[in-house]
Structure formats: C-alpha cells, structure tokens
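Visitor: The residues making up each chain are set out below.
Number of protein chains: 2
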Amino acid sequence: MFQFFQYNWQVRDEWLTLLKDIPPDELLKERVGGVRSILYTFFHIIDVEYSWLRCINGKEDVLFDYSDYQTLDRIQYLSNQLRTEISATFPHDVPIDKQVFIPWDSSHQNVTAILHHIIAHEIHHIGQLSIWARELNLHPVSASYIGRKF
Amino acid sequence: MFQFFQYNWQVRDEWLTLLKDIPPDELLKERVGGVRSILYTFFHIIDVEYSWLRCINGKEDVLFDYSDYQTLDRIQYLSNQLRTEISATFPHDVPIDKQVFIPWDSSHQNVTAILHHIIAHEIHHIGQLSIWARELNLHPVSASYIGRKF
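Protein chains in written order, with numbering that gives the first Met the number 0: chain D, 0 to 149; chain G, 0 to 149.
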C-alpha cells in the first residue's frame, strides 16, 4: 500500500512543478467536472488523504481553510508538511481489518478500505487534471507506475 | 491487490451501464486529452489490463482490433470475456518480486510493479471519463472505494 502513496506523492510533485508557470487565474478558474478547479483539486487531495490517515491513527481531524492555500507554493508547502507527518506515522503495522471511527459520518471503516480509498481518490482526481492540462496546452505528467523509482 | 481489480471492474461496469443510452457518435467523438474518446478509453483499459496480466502469466499477448469493438455492447462483451480469464488466472500466488518479460519493449518488470501499474492505469483513465461525462450532462459514477462491496 505504501508504494501507492509514494507513487501518488511523486506524481503530485511532478504536477506541481509542471504547473508552476501557469497564471493563477487559470489555476483558480472554475472548470467542468471534478472539484471545479486545478488548485482546489490539489487542496482536496491533500486534505482528504490527511483526514483519513488521522482517522486510522485515532487522531482528531484538522480542518484547513482553502482561502489560506490560494497559490501553488502554499499548496506545495501544505503537501510537504503533511507528508512528513504521514510518512512518520504511516500505519504499516496496523492490522488491515481494524475498524476505525470516521467522525464526519459517524461510521466505522476498516483500515484496508480506507487505504484503498485514499489511493484511488488521488489517482482519480489526477486523471481529471490530465484533461484540464490539455486545455492549457500542457503535456500531462505521466501516470505510468512502471518506470518510476521510489 | 486483487481488491483493486474488483473495484476497477465494478466501477467499469457502472460506467458501461451509465453510458448505455448515450448516442454512439458521442461515445466515438474525439475529445481533448486522455485517449481521445469515451469508447476507446474502455477498449484501452481492457486491452492494457489483459496484456500485462498475460505477461505475468508468461503467455503471449493477444492483439485486439478496435474496429471490432465500436459499441458499448461489444466493449462489455470483451470486458466480461477477459475478466473471466483474468479471474481464473490471477497471479495471487506469484512472488511479487518475480521478474517477467515484457515483449512490447523487450524489458523485464517485477510483478508488483505491473499490478500497481494496471490498477493506477484504469483509475486514471476513469478520472478522465468523469470530466467528459459532465460535458454530456451526466452525473459521473462515484469513484469512492469506501461504501462498495466486492
């Protein structure tokens, strides 16, 4: 499972690099589908990943305010900051069938379902970015897993 | 790993059902990004999954001709047919670090990288479909892993 997180992080970083010279209004522009903008896609991916991993680790959710993350630099800062914590606390040794409490819908989910969910969530949204990138005449970051080193 | 295949297959089937009343010209229409059309996206996902799994199982690749699969019914038929074989021959017991030969680029890859690759490949392309679905005023199939039963 952790290899998929490494894949997602590497792809995410490549996207943040690819987009660094795109004008802010294009990053914030409301688009059709997905979560409506390129910048918000990153915020959403990062926020969702962190929230679910906090659940697995039995920690309270932390709410981030999107208005504090309106540039790619701020997004990259948040991504790096949370990744450090996630890497240090990743549930490598938590039993995959352990049930954990999900405060935002008062349910319980098992660890393996949550990890699958986080992984698929980011890959799905990155697929959406790849369509929007073409609208900006950019060549999208490769989604290939084969050929990457972690 | 197999759970991700079950997720991808369930999501794929839900997409094929969602799109069954969409006019053929919309399915075949060339779009911006991805692999250019909705119908070809399915063909590509199915073909790629099968080819890599054939490599893992040491079997020769089978080439399919897209011109034989120009309707959703034909795509669903291909998907079902190959899924039966894939389910029966899934490499549950193959060592994940086993190196297998990839004929189309004369390289070797290990089984775990190939399985990660297949999984990410389909989720990525389905993310692209979700943008195109909005262009057709459709509500996309949920990409959520949480809440599904396999």
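Just to be clear, a hint being listed does not mean it is correct.
[What the hints assert, rightly or not] Cross-link-like lysine-lysine pairs, in silico, DSSO-like; alpha carbons within 27 angstroms at most:
no., chain 1, residue 1, chain 2, residue 2
1, G, Lys-97, G, Lys-58
2, G, Lys-97, D, Lys-28
3, D, Lys-148, D, Lys-19
4, D, Lys-58, D, Lys-28
5, G, Lys-28, G, Lys-148
6, G, Lys-19, D, Lys-97
7, G, Lys-28, D, Lys-148
[Unchecked claim] Partial list, computed: chain D residues near chain G (C-beta under 10 angstroms):
no., residue
8, Tyr-6
9, Ser-50
10, Leu-62
11, Phe-63
12, Pro-94
13, His-115
14, Ala-119
15, Ile-145
[As the list claims (entries may be wrong)] Counterexamples of contact, computed for chain D against chain G with all Cβ distances above 12 angstroms:
no., residue
16, Val-10
17, Tyr-76
18, Arg-133
19, Glu-134
These are computed hints drawn from the structure, not numbers from a lab. Glycine included, every Cβ here is placed at the ideal spot set by N, Cα and C.
Visitor: Hint by hint, note whether the structure agrees.
Guide: Results for each hint:
A hinted pair counts as satisfied when its Cα atoms are at most 27 angstroms apart, and G/Lys-97 with G/Lys-58 qualifies at roughly 15 angstroms. For a cut-off of 27 angstroms, the pair hint linking G/Lys-97 to D/Lys-28 is broken: about 46 angstroms separates their Cα positions. Simply put, D/Lys-148 and D/Lys-19 have alpha-carbon atoms about 23 angstroms apart, close enough for the 27 angstroms limit, and the pair holds. Of the pairs offered as hints, the one joining D/Lys-58 and D/Lys-28 is violated, with about 34 angstroms between alpha carbons and a cut-off of 27 angstroms exceeded.
With a C-alpha separation of about 33 angstroms, the suggested pair G/Lys-28 and G/Lys-148 falls outside the 27 angstroms cut-off, and the hint is violated. Between the alpha carbons of G/Lys-19 and D/Lys-97 the distance comes to roughly 39 angstroms, so the proposed pair goes past 27 angstroms and is violated. A threshold of 27 angstroms between alpha carbons decides the hint, and for G/Lys-28 with D/Lys-148 the separation of about 36 angstroms lies outside it, so the pair is violated. Against a cut-off of 10 angstroms between C-beta atoms, the interface hint on D/Tyr-6 holds, since the closest Cβ of chain G lies about 7 angstroms away.
The interface hint given for D/Ser-50 is broken, as the beta carbon of that residue sits about 12 angstroms from the closest beta carbon of chain G, more than 10 angstroms. Because the beta carbon of D/Leu-62 sits about 20 angstroms from the nearest beta carbon in chain G, more than 10 angstroms, this interface hint is broken. Contact between D/Phe-63 and chain G, as hinted, is not supported at the beta carbon level, the nearest pair being about 21 angstroms apart and thus beyond 10 angstroms. Because the beta carbon of D/Pro-94 sits about 16 angstroms from the nearest beta carbon in chain G, more than 10 angstroms, this interface hint is broken.
Annotation: interface hint on D/His-115 holds; nearest CB of chain G at approximately 5 angstroms, less than 10 angstroms. Because the smallest distance between the Cβ of D/Ala-119 and any Cβ of chain G comes to about 5 angstroms, under 10 angstroms, the interface hint for this residue holds. The restraint placing D/Ile-145 at the interface with chain G holds, with a minimum CB-CB distance near 5 angstroms, inside the 10 angstroms limit. Listed as a non-interface residue, D/Val-10 fails to keep its Cβ farther than 12 angstroms from every Cβ of chain G; the least gap is roughly 9 angstroms.
Residue-level check passed: D/Tyr-76 sits 25 angstroms from the nearest beta carbon of chain G, beyond 12 angstroms. The claim that D/Arg-133 is not at the interface with chain G is violated, since a C-beta of that chain comes within 12 angstroms of its own (minimum 4 angstroms). Residue placement check: D/Glu-134 does not keep its beta carbon more than 12 angstroms from all beta carbons of chain G (closest about 6 angstroms).
Checked against the numbered hints given earlier, this structure breaks hints 2, 4, 5, 6, 7, 9, 10, 11, 12, 16, 18, 19; the rest are met.
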